[in-house]
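*Asks:* Based on the hints, put chain Y in the right spot on chain D.
So the protein sequences, as listed, match chains D and Y.
Just so you know, we're using our numbering here: the first sequence kicks off at 6 and counts up by one.
Just so you know, we're using our numbering here: the second sequence kicks off at 7 and counts up by one.
Each hint should be verified, as a subset may be incorrect.
As the list claims (entries may be wrong) - Partner residues are not named here, just some residues of chain Y that face chain D (Cβ under 10 Å, in silico):
1) Glu12
2) Ile15
3) Met16
4) Lys17
5) Tyr20
6) Thr22
7) His33
8) Arg37
9) Val81
10) Glu85
11) Glu93
12) Asn97
13) Ile101
14) Arg113
15) Leu116
Stated by the list, open to error - Simulated crosslink set (PhoX-like; lysine-lysine; CA at most 20 Å straight-line):
16) D:Lys261 - Y:Lys94
17) D:Lys138 - D:Lys213
18) D:Lys218 - Y:Lys87
These are calculated hints, taken from the structure and not from any lab test.
Model, not experiment: these values are computed from the prediction.
Think of the CB as a built atom: it goes at the ideal place given N, C-alpha and C, for glycine as much as any other residue.
These are the residues of each chain, in order.
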Amino acid sequence: MAAISPKMAEEVSQTAVPTPKSITLVISKFNPNHESSYKFVEFKVPVQKWTTVLDAILYVKQHLDTSIAVRYSCRQASCGSCGMKINGKPSLACYTKISELNSDIVTVEPMSNFPIIRDLAVDFTSLFSNHKKLKPYIIREDSEIVGDAKEFLQTPKDVEEYLQFSYCIKCGLCNSACPTMATDSSFLGPQALTQAYRYVADNRDKGKKERLKMVDESHGIWRCHFAGSCSKVCPKGVDPAMGIQLLRGYLLGFRK
Amino acid sequence: MIKMRESVIMKIHYGTALGAVALVAIHILFRMTQNFTVSLQYENVIANYHLLPYSLMLEVVLILLSIHGFNGLRVILLELKQGIGYEKIVNWGCISAMAVLVAYGSRTILMAGMGIS
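So here's chain D without its partners, still in its complex pose (with noise of 0.2 Å):
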């Protein structure tokens, strides 16, 4: 066997796999049907600098408590399963990682706003029905596939008005940190605000005037207060304050 120098020695220990050091994670348990309040349940789990909040959990869940309701699937931010508050803040649970929260104590509760079907698992149907009733859609009398037109073309300058939107993964975060929500529950919500502002501004489709028509009401796009939040938690880089703004613009007149 060949020797090792301290300096190699040094450099293998600096390579190796460090010690797990634990934290407590703090999971908000509740089921409606048989509950009247939530209560929190501590749990002590070993964390390395990899592992995301939704490891934890799914730790949790396999060596502690199988009981635990969570919601998720594809663990690289593209599904939208996986939400909810950690630390107090809507964030995607296989996208934060725990090293990145600074502190010993993670505590994770289900998004506000939503009602909830058990632990951290809630109930998207409102979100969804919103979303669709808005008609997240290209509405055009033609289509590419008959006719002349093989495709639709469009300019980078055209894309670059609704791409940003066009990466919403419905993930409902935006919707739990909205103010408005709150209070509104008949309110449209920025992620289907933001969805209407996508197809209103993609110079293919030809239903502004019906999508504009549906958001101008009184729980439609004038009830946001344009506090923000949405765009701050929004794990995919979406601007959805600012989609609503830009709607806006086309209600007020200063956009075509």
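*Replies:* Only chain Y this time, still in chain D's reference frame:
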């Protein structure tokens, strides 16, 4: 009855705010033509109402602020609670309160202008 679109209501809301800011600024500037305490003395206040353009401006300020204020209140109440019946009460309640305030304020301006106390 024709329902006004929310965008029209909000355009009125923003317009009345801008108008009120401009006219209230003129109103404040008028207070600066003399010592502030003196300007609030009974005779001076009544004298303002006897000046027709000034009392007309006060009437416009009253209308603008009533529209803006009660629409603001309507928005707050609509965000506070939802429901068809509740929203109808809030809408009509705010319109009625606005009309009452404008009527009462106009009566005061008119009476002061005519020298009736």
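*Asks:* Work down the list of hints and note, for each, if the structure agrees.
*Replies:* Taking the hints in turn, this is what the structure says about them:
no.	hint	result
1	Glu12	holds (5 Å)
2	Ile15	holds (8 Å)
3	Met16	holds (5 Å)
4	Lys17	holds (7 Å)
5	Tyr20	holds (8 Å)
6	Thr22	violated (15 Å)
7	His33	violated (28 Å)
8	Arg37	violated (33 Å)
9	Val81	holds (7 Å)
10	Glu85	holds (5 Å)
11	Glu93	holds (7 Å)
12	Asn97	holds (9 Å)
13	Ile101	violated (14 Å)
14	Arg113	violated (32 Å)
15	Leu116	violated (35 Å)
16	D:Lys261 - Y:Lys94	violated (33 Å)
17	D:Lys138 - D:Lys213	holds (14 Å)
18	D:Lys218 - Y:Lys87	violated (23 Å)
Violated hints for the displayed structure, listed by number in ascending order: 6, 7, 8, 13, 14, 15, 16 and 18.
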